[in-house]
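Its first residue numbered 1, the sequence shown is counted upward by one per residue in full-length UniProt numbering.
It is possible that part of the hints are untrue.
[Stated by the list, open to error] Across the chosen pairs, the derived CB separations fall in these ranges: (1) ALA23 with GLY2: 24 to 32 Å; (2) LEU35 with PRO57: 33 to 41 Å; (3) LEU54 with PRO89: 51 to 59 Å; (4) LEU30 with ILE7: 17 to 25 Å; (5) GLY2 with LEU75: 34 to 42 Å; (6) LEU43 with ALA68: 43 to 51 Å; (7) ALA6 with ARG52: 53 to 61 Å; (8) LEU22 with ALA68: 48 to 56 Å; (9) GLY27 with VAL48: 26 to 34 Å; (10) VAL48 with ARG72: 29 to 37 Å; (11) ALA68 with ASN38: 31 to 39 Å; (12) PHE24 with LEU75: 58 to 66 Å.
It should be emphasised that the hints constitute simulated quantities derived from the structure, not laboratory data.
Just so it is clear, the structure is predicted and the values come from calculations on it, not from any experiment.
Note that the Cβ used here is the ideal one computed from N, Cα and C, for glycine as well.
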Amino acid sequence: MGAGLAIWGIFGGAVGGLVGYLAFGVGGALWCMVLGANAFAILFAAMVVAWRRLHRPANLDRQADVMADALRSQLPAVPPVPSPAPEKPRRKVGR
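Could you put the whole structure together from the sequences, leaning on the hints where they help?
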């Protein structure tokens, strides 16, 4: 993933630098190079995460459920907390 981030960052920097130079001149090229490199690297990382989540083996979900059940069975049983009694309306005293 590191090599992909570097490649996408370089590509994003090149695209950002070109657009920044055409739009704002040399100073804009430098800023847009940095912004483009960051944006493309973040985009690549998001695509990798999405790809891994979509193509995750199905047995990982089952393993996670089994582990969660095992952990839950080790927790002490907590008695339910009783709800407070509703307040009775107060009687009017006096007149």
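CB-CB spacing for LEU75 and GLY2 relative to the 34 to 42 Å hint:
With a Cβ separation near 39 Å, GLY2 and LEU75 satisfy 34 to 42 Å, so the hint holds.
The hint says 17 to 25 Å between LEU30 and ILE7; measuring C-beta to C-beta, is that right?
At 21 Å between Cβs, range holds.
Is the hinted range of 26 to 34 Å satisfied by the C-beta distance from GLY27 to VAL48?
holds, 33 Å
Can you tell me whether the CB distance of LEU35 to PRO57 sits inside 33 to 41 Å?
Since the Cβ atoms of LEU35 and PRO57 sit about 37 Å apart, the hinted range of 33 to 41 Å holds.
Please check whether ALA6 and ARG52 have a Cβ separation lying inside 53 to 61 Å.
violated, 19 Å
Supplied distance hint 29 to 37 Å, evaluated on CB atoms of VAL48 and ARG72:
For ARG72 against VAL48, whose Cβ atoms are near 32 Å apart, the range 29 to 37 Å holds.
Holds or violated: 43 to 51 Å for the Cβ distance of LEU43 and ALA68?
Once the Cβ atoms are compared, 33 Å apart, the range 43 to 51 Å for ALA68 and LEU43 is violated.
Honestly, do ALA23 and GLY2 meet the 24 to 32 Å range at C-beta?
holds, 31 Å
Could you see if the CB distance from ALA68 to ASN38 stays within 31 to 39 Å?
With a Cβ separation near 36 Å, ALA68 and ASN38 satisfy 31 to 39 Å, so the hint holds.
CB-CB spacing for LEU75 and PHE24 relative to the 58 to 66 Å hint
Hint holds: Cβ distance 59 Å, inside 58 to 66 Å.
Within 48 to 56 Å: is that where the Cβ-Cβ distance between LEU22 and ALA68 falls?
holds, 54 Å
Looking only at beta-carbon atoms, does the pair LEU54, PRO89 fall within the given range of 51 to 59 Å?
holds, 58 Å
The structure fails hints 6 and 7 (numbered hints given earlier, in ascending order).
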